[in-house]
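Peer 1: Sequence:
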Amino acid sequence: MTRALLVLLAPLAPSQDAGRPRARALRIPRAEAPRIDGDLADPVWSKAPEIGPLTQVEPVEGAAPTEVTSVRVAYDEAALYLGIACFDRNPSGIVATQMRRDARLDPDDRVEIVLDTFRDRRNAYFFQVGPAGGPGDALVTNNGSDFNKDWDGIWEGRSRIVPEGWTAEIAIPFRTVAFDREGTTWGFNVNRILKRREEQSRWAAARQRLSLFRISEAGDLEGLEGLEQGLGLDLVPYVRADADRTHDFEGRDLDLTLRGGGEVFYRLTPGITATGTVRPDFAETEVDDLRVNLTRFPLFFPEKRKFFLEDAGIFNFETGGGEFGDSPELLPFFSRRIGIDDQNRPVPLRGGAKVSGREGAWSIGALGVATEEKHELSSQDLFAARVRRNLGEESVLGLVATRGNPADTGENSLVGLDYKFATTKFAGDRNLDAVLYALHSWTEGTGGEETAYGIDLSYPNDVWEARLGARVIEEDFFPALGFVQRPGTVRYSGAVSWNPRPGTAIRQLGFEVAPDLFTDMSGQTQTFTLRTDVVGVELESGDEGGIVVTPTRERLPADFEILEGIVIPEGAYDFVRYGAFFDTSDRRPLALSAGFEAGEFFDGTRTDLELALHWRPGGWLNASAEYEQNRLETSFGVPGVDDDGDFTVRIGRLRTEVNFSPEVSWQTLAQFDNVSRTAGVNTRLRWILRPGRDLYLVFNRNQPYGSRPWNAVTPVPDPGETPQEIATQGVVKLVYTLRF
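Each residue of the sequence shown is one higher than the one before, counting from 1 in our numbering.
These are computed hints drawn from the structure, not numbers from a lab. Warning: the hint list may mix true and false statements.
[Unchecked claim] Pairwise CB distance ranges, derived in the manner of DEER restraints:
| no. | residue 1 | residue 2 | range |
| --- | --- | --- | --- |
| 1 | LEU231 | PRO59 | 45 to 51 Å |
| 2 | ALA427 | ASP289 | 39 to 45 Å |
| 3 | GLY545 | ALA427 | 30 to 36 Å |
| 4 | THR285 | TYR573 | 36 to 42 Å |
| 5 | TYR578 | PHE383 | 44 to 50 Å |
[What the hints assert, rightly or not] When the alpha-carbon atoms are kept at most 30 Å apart in a straight line, the in silico DSS-like pairs for lysine-lysine are as follows:
| no. | residue 1 | residue 2 |
| --- | --- | --- |
| 6 | LYS306 | LYS149 |
| 7 | LYS425 | LYS149 |
| 8 | LYS306 | LYS374 |
| 9 | LYS149 | LYS47 |
| 10 | LYS374 | LYS304 |
The model shown is predicted, which means the values in this text are computed figures rather than measured ones. C-beta atoms are modelled at their ideal positions from N, C-alpha and C, and glycine is treated no differently.
With these hints in hand, go ahead and build the complete structure from the sequences.
Peer 2: Set out below in structure tokens:
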């Protein structure tokens, strides 16, 4: 046992690079830089050598791709250039539906690039482009532990469909990325998706057990010398004009404002950036989806604000792969706590400063933010810091610390350690990850048990996967700048899945058993589930479906009001639920996603339905309609409020995206739910004047559901009902980046 632990926790020796594919970038004079228009007629592309062939990953590992891909790389002192030719003998079959910059390109043919600019074999910049335009980017942290799609770098990507297939050109300024100035070799990989065949081909690490985000297995791009970042100074001012109107049954109010602020970025070293912000603004941030909480625990809403998303991966804390669904249970630092109160209302920020980046084997991040007095909260000074040290080939050791309490309920601080061991060479050529972590908080007036700790082991491979984890979160543990879902619990979780590949019209089957046990601190069961994926099927066409059975035992330590007027009494409950899902391939112009779950629910029944219809007729338009319904039939109604205990929750969403070009897009989200009885619309027009210079037109409207029409001056409340406000907002915002 001791020997096994030593093998598990000891960092690997430095890796041997034998067997990695290598390519050399062509150095060119600045005058020969290609024009980024998707046309490979520029003379540089006849001079730059190809990086070498791609190898098929899906559906047949190791086979030659059915269509050839040619990738060439060149650079001058200012930027890295890629010329890509995706040959296709059936150009009419190319799937090209996503034109907008930073769109989700999963439905389309596409080429994906990762650049490990420090060659630390863990972290990388991600770039992608599809045949309709649609350039996108992201940050990949710690071999895919975090994928930050909301990072928005300044670079160019253009594509076009030609008789031989489709072509693309990419230009990435060296001012946009951090890198090791002493190094001349970057980690590099290329991935091509041929959507109509659901075929994936890759340059390096073309194995089904590895994803593109396993940066440790990327190839090498050599010959990068004499790269310039200028002064490393970016000034990003903004100016914003608002028209806000609120009105209720008592009257209305109109407020016109003009304000400004901005950010400054300065590279202290090639890899570490200092950021300062004055009156940061988030007018263009996408609104949250409406959700109704039918659990005893807080819902998790992701961070979407750009200032906090830049270098967000550096602040991530490792707790392993044991989270189920979209909601993590434990985050020592969660930036969404800053600037938003517990009722989801914005709290203005006076300003902030951040230092983040990488230097050698170290990653560092420090963030300080000052909030204004608002919503009965006093002004706060909030701080978070993160340090990580790479160990061996893929492992990492980290420290996190926070101080401050945005809820203004007393002083709070936290410190924690995490260690992740990772290898792709377990038992020769298998993946194995292990995570250990411990956290402690100090909260004014508590003085109780405030520690959280855990271990997580995972074996994430293609045909067989397994995971085993244990976690303790003591009763008084409170990360005021983080997120914790179930304090005062001990969790034991695991999963074993078998995912064979029959080699027929069925690409892969899936069978999984995943027990999950929560107890209180005395060991008494709170929740036990045994999720069983009876069968999951992925077809060669990209369509997929499955059947799930979940036996559950719940012990309620107190009465639980699941909805107003429906109270489930304390006690122990055993029930079984059955579910099924089906998703057609998103490459289809009209795609359907459907999920259904039914069965017992405590002492009653619950039936859940989710439907989504996606229409993608071409790059100029994308639209979807989504509907969620939860039907509860219980005997727990409160007399005079909901006598029979029955209730149906309904949520509807309509999304549209009109793209006039990759630079000009108009997105709209309209949604309603019948619990808050609120309908709302958020619509945003974005015009990218050039990368880093954006004009936004934003309109928001929220109105009580069932009140008078939207052109009414005042809504008429029902008798005995408290009037609700109708809020309307229009914003014009200009962001202008100046680089030196």
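Peer 1: Each hint needs a verdict: does it hold in this structure or not?
Peer 2: Going through the hints against the structure:
no.: 1; hint: LEU231 / PRO59: 45 to 51 Å; in the structure: holds (49 Å)
no.: 2; hint: ALA427 / ASP289: 39 to 45 Å; in the structure: holds (42 Å)
no.: 3; hint: GLY545 / ALA427: 30 to 36 Å; in the structure: holds (33 Å)
no.: 4; hint: THR285 / TYR573: 36 to 42 Å; in the structure: holds (40 Å)
no.: 5; hint: TYR578 / PHE383: 44 to 50 Å; in the structure: holds (48 Å)
no.: 6; hint: LYS306 / LYS149; in the structure: holds (11 Å)
no.: 7; hint: LYS425 / LYS149; in the structure: holds (29 Å)
no.: 8; hint: LYS306 / LYS374; in the structure: holds (22 Å)
no.: 9; hint: LYS149 / LYS47; in the structure: violated (33 Å)
no.: 10; hint: LYS374 / LYS304; in the structure: holds (21 Å)
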